[in-house]
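Enquirer: Take a look at the letters that make up each chain.
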Amino acid sequence: MTTTTTTVKSEKEAQKDRSQARQKEMIANHFKKLARAKEDGKKVVYTFVPGNLAELISALDMLPVLPEINALQSGMRKRSGAFIQEAEKAGHSEDVCTYVKCDLGMLKKGNIGPTDEPLPPPDLLLLSYTGCFTFMKWFELLREEYKCPVVMLHVPYQAGGEITQEMRDYVVAQLRDEVIPVMEKVAGKKLDMKVLQQHLALSRTAEDALVQVWESARHRPSPIDGYFGGVYYVGPIFSSFRGGQDAVEYYKELLEETNDRISKGLGPMTPDGVMPKEKYRLVVEGPPNWTNFYDFWRMFSREGATIVSSTYTRVGGLYDTGFRHDPDKPMESLADYCLGCYTNLNLPSRIDLLEKYIKDYQADGFLINSVKSCNSFSVGQLLILRQLEERTGVPGGFIESDLVDPRYFGKANIENRVQSYLQMLEARRNGGR
Amino acid sequence: MEPTGGAPGRTAADPAADVLEKARVLAEDLALNTVKAWKQKNPGMLAIGHLPVYTPRVMFEAMGCLPVAVFGAGEIDIIKGDSYFQSYICHIPRSTVELGLGGQLDVLDGMVFPSICDVIRNLGGMWKLMFPAKMSAYLDLPQNFAWGLGGRFYMGELKRIAAETEKRGARPLTEEGLRRAIKAENARRRALAELDALRREEPHKARASEAYLVARAGGVMLAEEHEKLIREFLAAARKRTGRPMDNVRVVVAGSFCEQPPLGLIKTLEKAGCDILEDDFQLGLRMIDGDIELKDGMPALESLARAFTERGRDTASRYVPDDTKGQALIRRVKECKADGVVFAAASFCDPALLDQPMLEHALTRAGIPHTSFKFAENTGQFQVIREQAGAFSDSVRLWGGQAA
Amino acid sequence: MKCVVGIDLGSTTTKAVILDEQGEMVGRGITNSRSNYEVACQVAHQEALISVRFAMLERVGAASENGTGERVKALVPAVKSAYRLELYLHGLDDLEQVIAAQMGRSLLNRGRASLEPSVKRILAMARENAPALFAANAPRRSDFFRDLAGAAYVAGAEKLAKENGEEFEPLVAAYDRAILEVETHALQQDISTVLKRAVNRVAREQKDGEPVALALVRAADQALSQPLHEVAFVGTGYGRQTLPFPREAVRSEILCHGRGAHRIFPGTRTVLDIGGQDTKAIQVDGHGVVTGFQMNDRCAAGCGRYLGYIADELNLGLHELGPLALQANTMVKVNSTCTVFAGAELRERLALGQRREDILAGLHRSIMLRAMSLLARSGGVNNEFTFTGGVCNNPMAVKVLRELVVQNYGDKIHLNIHPDSIYMGALGGALFALDDLRADKPSLLPTTWAAGAAA
Amino acid sequence: MAENTQLTAGLDAGSAAVKVAILRSQAGNHAEVVATSVQRIRRREVAEVCRIAFAEACQRAGVQPTAFDYVASTGEADQMDFAHGHFYGMTTHGRGALVLDPATRCVMDVGALHARAIKVDERGRVLGHRMTSQCASGSGQFVENIARYLGVPLEDVGALSVTAKKPEEVSSICAVLAETDVINMVSRGVSTADILKGIHLSSAGRLARLIRAVGAEGTVLLTGGMAADKGLIAALKESLSEAPSKKKDAAVTIDVHAHELSPLAGAVGAAALGAFRFDQLRRAGRWDVLKGAREGAAAAV
Ligand SMILES: Nc1ncnc2c1ncn2[C@@H]1O[C@H](COP(=O)(O)OP(=O)(O)O)[C@@H](O)[C@H]1O
Ligand SMILES: Nc1ncnc2c1ncn2[C@@H]1O[C@H](COP(=O)(O)OP(=O)(O)O)[C@@H](O)[C@H]1O
Ligand code: SF4
Ligand code: SF4
Ligand code: SF4
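So the sequence lines, in the order shown, correspond to chains A, B, C and D. When we follow this note's numbering, the leftmost residue of the first sequence carries the number 2, and every step to the right adds one. When we follow this note's numbering, the leftmost residue of the second sequence carries the number 7, and every step to the right adds one. When we follow this note's numbering, the leftmost residue of the third sequence carries the number 6, and every step to the right adds one. When we follow this note's numbering, the leftmost residue of the fourth sequence carries the number 1426, and every step to the right adds one.
These are computed hints drawn from the structure, not numbers from a lab. These numbers come from a predicted model, not from an experiment. There may be inaccurate statements among the hints.
Below, simulated EDC-like cross-link-like pairs (lysine to aspartate or glutamate); rule was C-alpha separation at most 16 angstroms, straight line [unchecked claim]: (1) 148/A - 327/B; (2) 140/B - 112/B; (3) 338/C - 81/B; (4) 165/B - 167/A; (5) 86/B - 408/C; (6) 338/C - 83/B; (7) 43/A - 62/A; (8) 338/C - 362/C; (9) 360/A - 390/A; (10) 338/C - 350/C; (11) 276/B - 1667/D; (12) 45/B - 112/B; (13) 330/B - 145/A; (14) 300/B - 319/B; (15) 191/A - 390/A.
One side of the interface only, derived from the structure: several residues of chain D facing chain C at Cβ under 10 angstroms [claimed, not checked]: (16) 1440; (17) 1546; (18) 1566; (19) 1570; (20) 1575; (21) 1598; (22) 1600; (23) 1601; (24) 1608; (25) 1617; (26) 1710; (27) 1712.
Residues of chain B placed beyond 12 angstroms of chain D at every Cβ, according to the derived structure [stated by the list, open to error]: (28) 24; (29) 45; (30) 86; (31) 174; (32) 183; (33) 242; (34) 296; (35) 301; (36) 333.
No residue lacks a Cβ here, since even glycine has one placed at the ideal position from N, Cα and C.
Given only the sequences and the hints, what does the whole structure look like? Please build it.
Expert: Have a look at this one:
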């Protein structure tokens, strides 16, 4: 480390720390609220990330818990292995989604959340089931444990590559006739449309800023990492904070940071500090591994590989193709949001999107991280690989790991593959050497 | 196993030998020769493939189509199919792709991918890309069973797919046509119900492995012909003599989509289990009872209502309250079974995620159960035989709980 | 002469390839990896250097004066045989000493006294048969000392067992224990001395006069005195991480295999490499750059070791397996996924009376099926298709592969197999080393290897 | 013979050896092992080896083949014409272990190709089990391969292993590929004892996981051919005492040991269950079943 970069770096770190610290604080606050929920008389709703109805939940003054986020946090804090084993001991197969098992294991071990505070049991399981059948099973299993009310929102799949009016009508009708009435009953109050609209408007502002952050990766060097860094950027909007003032502030600050980095010509922050030189620009498909998140990240950052865009960061909403929450059409826009998440796209649409990212962000390559857990993501990824290579002429890499099961992260093996892949990109660039 | 009775084998003296052989040929007709012959006889008519679990075959029959069950490829070598799927994905999509790329499905004019899980769902998308010239439809079965919500949506889905099929050259879906098809379907259902009853009452006359072949043979035939085949088998099986064996009576659950190899079913039988009920060909039994036709109600609505109102509580359906375990316990009691064998396909999330819930329900009810996984091309049954044997031993010797 | 070295440290065999500055392959060596990795590399390297010397001897010899050139050149094969014979005899002597020494230490030295004379007799027999083993054109199973001496030793032990009723197992066990040490000792020999002895042996045999003999000796002196500068090297293969090489000098084996195969067959687009412990399916572009790959490892099912295990079960040599399987009438479907279970299944089927050939055919097919699915996963088989690695020496494996490729990818695919197929990884490594040399960033061999380089 | 005492035989055909046990018991209780026989199969035909072993055991016991109340087969021997009935491996190992040591609550059966942990209740009923399948890592063949490579007779393996000072574990999980590791160790001068112990430890690690997975508590009896291997027992004790999940498992005491007849547990269990079943059938009046097979036994030997 030379002195000149040190100064720049620490300054950057401070700036980055600001948005990150804010996020940390937001999360800590949220978990505190959850821990106090019973005393405060707040109702708790468990729900999923893709297609979550955050604005509805907050408009009814309820608090959301997102089991997926808890599972990934457990993964990052190296607790998931034990949780998964706990679930397997209770009879769950080693073949199935590890998010589910991690969550069930955590529950069996006292339901202590990521901030070491106990999580309140749900007053309602809001099964808005977008893009994955496992969600349905997950809440069937939780219902066995909690015996609390469940309400399901069946979100049809975009099999034809578009959202049809019939789908929208079906979702809106379910919201109106089942979901909202059940939520109102649990919340003990009526939904105030005005309040909902206010939340939707806040969502929209935050979403605008997020899209600008995503698109900053078009710069060379890219000021952000759209995958490893990206999972932090989408945190607030994926989860409990969308539709709130906190999220708006967060994204404003994040955007400022990003713009600042662009003006200074700096690359993204990595676990080892600002990336010195952008050697490769990659697009990534598939969720990351959480148990060895930083090891995984470093395999790329240390070789100078920046991820300029990724699909995983779109599972909580696909804003960069134009969707925004809309206070003028509250029900329709909630329906469109659920129907439009990345996990609800059919395979051809996913390929189109990836192709667009590769071209728009001028990627040198793309990488698929296929996770064992997730059929929703993984089935068809080898076809995605072929089709993308054919369509873009850009070489693809393929690695396999898992979300939160440490047994499936073969570090040496993955490293070998990543290195071979990057060496291959290098060799190609040198024109056949 | 004690030599206390003789199962009728496929010997010359077995009155059911011929019909079973016929069923076997049909059930193992991966080249779809039957379908080719049908198309030759019915020029211009369409053959529409469908994946497990449930597709309303009647609707296609009503449109003059032959619905064809594409339920995996058994034990054939999977080479091309493997290139599209990671090792931790079940076998069904590999074998389907293998058949597709191998040309065995060329005779089909389209494919329907009913929603059961993410695997078949994504396979539907892959199909669009791999076979762009053919019809490839995803049938989004509702998970909301309120008639005004899910029912209406489902009607819309059926109409959409009917329209798509018509565009490919099928006859239009008419009220009259659908009524006729539903009647034929109901007749098949009754024949199947009789077969199920025979198995329950006299398992030594109709073994599960045989009933499986007879049911599966229906995948390449119209309901009417299938009914004939079932009745032919029933008549022959009833003529069989032989004594009951000193076996335990079990229900097999969990293999509703990827089908177990025949060898596995036979292994269970050899290990001393009489399989009284199973969900191997669940699609055929997805709806309890007849599809009721009512005056004044459009036949399509009858069809849709049969699914939303009388669909079986199985892994492919979201069940809002604790009835799946109860449903299984009811099935066990109805056929007076001693226990349950869970046989789920490896990596089958729907089956494997349900299993612990069901197991707990059984444990609470004091019903013994055991479980293992398989793949449709499993060729080694040693481990399964040992495990099933230990289970049957234990139930036989002590009648009690085993794992 | 400046040259570069590529070393492929495989799980079963270790290969070394030496290229000159123009990129011509001037030497190659192979040995079994079944000992210390580093030693294996050194031995392979040494073998490669020897082959360079032989090539030089041929060149220098051909230029001999007084019209002897052609005749000297014609003697080179005899020198090679003589060289192998010398090494072999030396190895046998060493073996005798090592066995004697080990028997002194062994925990299980039952009846040492009775063993010693037997070992002596066995080795005497081996020595007696040695010249015939290395006669020109004599068919040999293998060139590895372990295999040759092993075969001779076992034959001798069998003879003693049959004729004198001696116990076979302890005799063979003595060999098994000693062989590793002997292999390691082989490195300490001074190669040029052995080579000179071989030259002298051949020279002595030249009845019709001195000029040829003299020219041969002179040529040998000259060939041995030419300096070899090994200026760059690259290591690759299964065990590469364990080598004391700097990081820059280690390349992914995938890249090396792809590049090597492409060098020999420039039309190559798909490479299948089946080695002892892993199978790789590699796609390369027109420049030999890898564009995709799949590999499976950590399980012996579907790799070369599977065949080795089966051969052991049947008491056959590896090279006999393929030809035997070729005599199959039908292919038995083998169900077992695991190598050990396949061994058990083999026994079971034999007991059921199925033909050995037919079961073997099924076993070969089961390996190739795995390879096919790996290939399919890596992007299919594209024209041209090159098969490399030890298993391509197995004719049944090749036949089954050919059939499966035709079945699945049509008959337009051209299948390449080269006698040097096993060297592709090392060749690729050497080509990377050549890049380094040309880019002026040569990496030097570890100093501990200097002894070998001095040859 | 007392009124309610039965003479029964159990015949266990494995992949490596055939085991026969002759038992005198009261419906399986108060069992006394009268005679046994073990025959390694060594590439012979299994049915033939079964006959030889059965005849040998009869001779040792000094009884006629027709004298048995019940002959039960287990293992691969399900089609033996002289058996009255067949019981499956897990059932017989569970029951056999209880005959050998009534305190047993978990059986760890390690044979040539497989390993399985079986949790049983006080009557020998199987409550749960975990086994290796499709992969031979951790089984007897694993140890056998290595022993063959090292030139150590199987009988000496255990004794050598327990003398190890600095055991070194193999890195490969595969029964075949581990050989390479071992070869490397040999060349690095690792002693035979240390290598064997390393192999035992790596097998034991896998077995311990199976034992924990079935939730074993109390006495674990090792059965199957590998129960004769003192080295494995020692290694297994070590592995189990390590208990990685400290807090919880500390409360669970697991005591693992073997009985000298452990390799015959399957045969012993089959014989005991035979007596039990005989009693059941006798009470049910099913003499037809019992008589038919007895004639078969006479013809077979
Ligand atoms: N002459 C031969 N005939 C048949 N098979 C052979 C022959 N030589 C080597 N093999 C096979 O090749 C394998 C070793 O291949 P190799 O490419 O040397 O492996 P690695 O690169 O892993 O060391 C052996 O396991 C064996 O199965
Ligand atoms: N004395 C011994 N020491 C170590 N291992 C032994 C000994 N005797 C037998 N074995 C092992 O036991 C295995 C045979 O066990 P067994 O339970 O008979 O297997 P199976 O039932 O599969 O035939 C052999 O593979 C061998 O490795
Ligand atoms: S399968 Fe995938 S999308 Fe579904 S719950 Fe698991 S990780 Fe989430
Ligand atoms: S077997 Fe299970 S996972 Fe596979 S397609 Fe069928 S339902 Fe889905
Ligand atoms: S023991 Fe068998 S299945 Fe297991 S890793 Fe080795 S070869 Fe593969």
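Enquirer: Evaluate the condition: distance from the CB of residue 24/B to the nearest CB of chain D exceeds 12 angstroms.
Expert: 28 angstroms, holds
Enquirer: Just double-check residue 45/B for me: nearest Cβ-Cβ distance to chain D has to come out over 12 angstroms.
Expert: Per Cβ check, residue 45/B is outside 12 angstroms of chain D; nearest 42 angstroms; holds.
Enquirer: With chain C as the partner, please determine if residue 1608/D meets the hint condition of a C-beta pair closer than 10 angstroms.
Expert: 5 angstroms, holds
Enquirer: Would you mind confirming whether the straight-line C-alpha gap from residue 360/A to residue 390/A stays at or under 16 angstroms?
Expert: It holds: about 12 angstroms lies between the C-alpha atoms, which stays within 16 angstroms.
Enquirer: Would the pair residue 276/B and residue 1667/D pass a check requiring their Cα atoms to be no farther apart than 16 angstroms?
Expert: Distance of about 42 angstroms is beyond 16 angstroms: violated.
Enquirer: CA of residue 86/B to CA of residue 408/C, is that 16 angstroms or under?
Expert: 15 angstroms, holds
Enquirer: Straight-line Cα separation of residue 165/B and residue 167/A no greater than 16 angstroms?
Expert: 12 angstroms, holds
Enquirer: Residue 1710/D was flagged as interface toward chain C. Is the shortest Cβ-Cβ separation under 10 angstroms?
Expert: 39 angstroms, violated
Enquirer: For the pair supplied as a hint, residue 338/C and residue 83/B, is the alpha-carbon distance within the 16 angstroms limit?
Expert: This hinted pair holds, its Cα atoms lying about 11 angstroms apart.
Enquirer: Measuring from the C-beta of residue 1546/D to each C-beta in chain C, is the shortest one below 10 angstroms?
Expert: 32 angstroms, violated
Enquirer: Looking at residue 183/B again, its CB stays over 12 angstroms from all of chain D?
Expert: At about 50 angstroms from chain D, residue 183/B clears the 12 angstroms cut-off, so the statement holds.
Enquirer: Does residue 327/B lie within 16 angstroms of residue 148/A when you go C-alpha to C-alpha?
Expert: Given pair residue 148/A, residue 327/B holds - Cα atoms ~9 angstroms apart, limit 16 angstroms.
Checked against the numbered hints above, the structure violates hints 11, 14, 15, 17, 26 and 27; every other hint is satisfied.
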